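Going by this note's numbering, the sequence shown opens with residue 1, and the numbers climb by one from there.
Derived by calculation from the structure, the hints in this document are not laboratory data. Small disclaimer: the values here were computed from a predicted structure and weren't measured. Honestly, I wouldn't trust all of these hints.
Here are the computed lysine to any residue pairs in the SDA-like style, where the Cα-Cα straight-line distance is at most 25 angstroms [claimed, not checked]: (1) 6 <-> 21; (2) 6 <-> 18; (3) 6 <-> 19; (4) 6 <-> 17; (5) 6 <-> 16; (6) 6 <-> 20.
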Amino acid sequence: MQRILKLSSQAAGRVITDGFRILVTERVITPESG
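Given the sequences, and given the hints that come with them, work out the whole structure.
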């Protein structure tokens, strides 16, 4: 159970980090192109 929780927490952290990066890049790139 602990291993599964750790893996799931790491996967969730990666997804959140990737999503945050995408949102930031979109916000930074959109004003420049627009």
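Hint check:
1. Taken as a hint, the residue 6 and residue 21 pair is honoured in the structure, with Cα atoms around 22 angstroms apart against an allowance of 25 angstroms.
2. Our distance criterion of 25 angstroms between C-alpha atoms is met by residue 6 and residue 18, whose separation comes to about 18 angstroms.
3. For the given pair, residue 6 sits about 20 angstroms from residue 19 by alpha-carbon distance, which is consistent with the 25 angstroms threshold.
4. Of the supplied pair hints, the one linking residue 6 and residue 17 holds, its CA atoms being roughly 16 angstroms apart against a limit of 25 angstroms.
5. Of the supplied pair hints, the one linking residue 6 and residue 16 holds, its CA atoms being roughly 15 angstroms apart against a limit of 25 angstroms.
6. For a cut-off of 25 angstroms, the pair hint linking residue 6 to residue 20 stands: about 21 angstroms separates their Cα positions.
The structure fails none of the hints (numbered hints given earlier).
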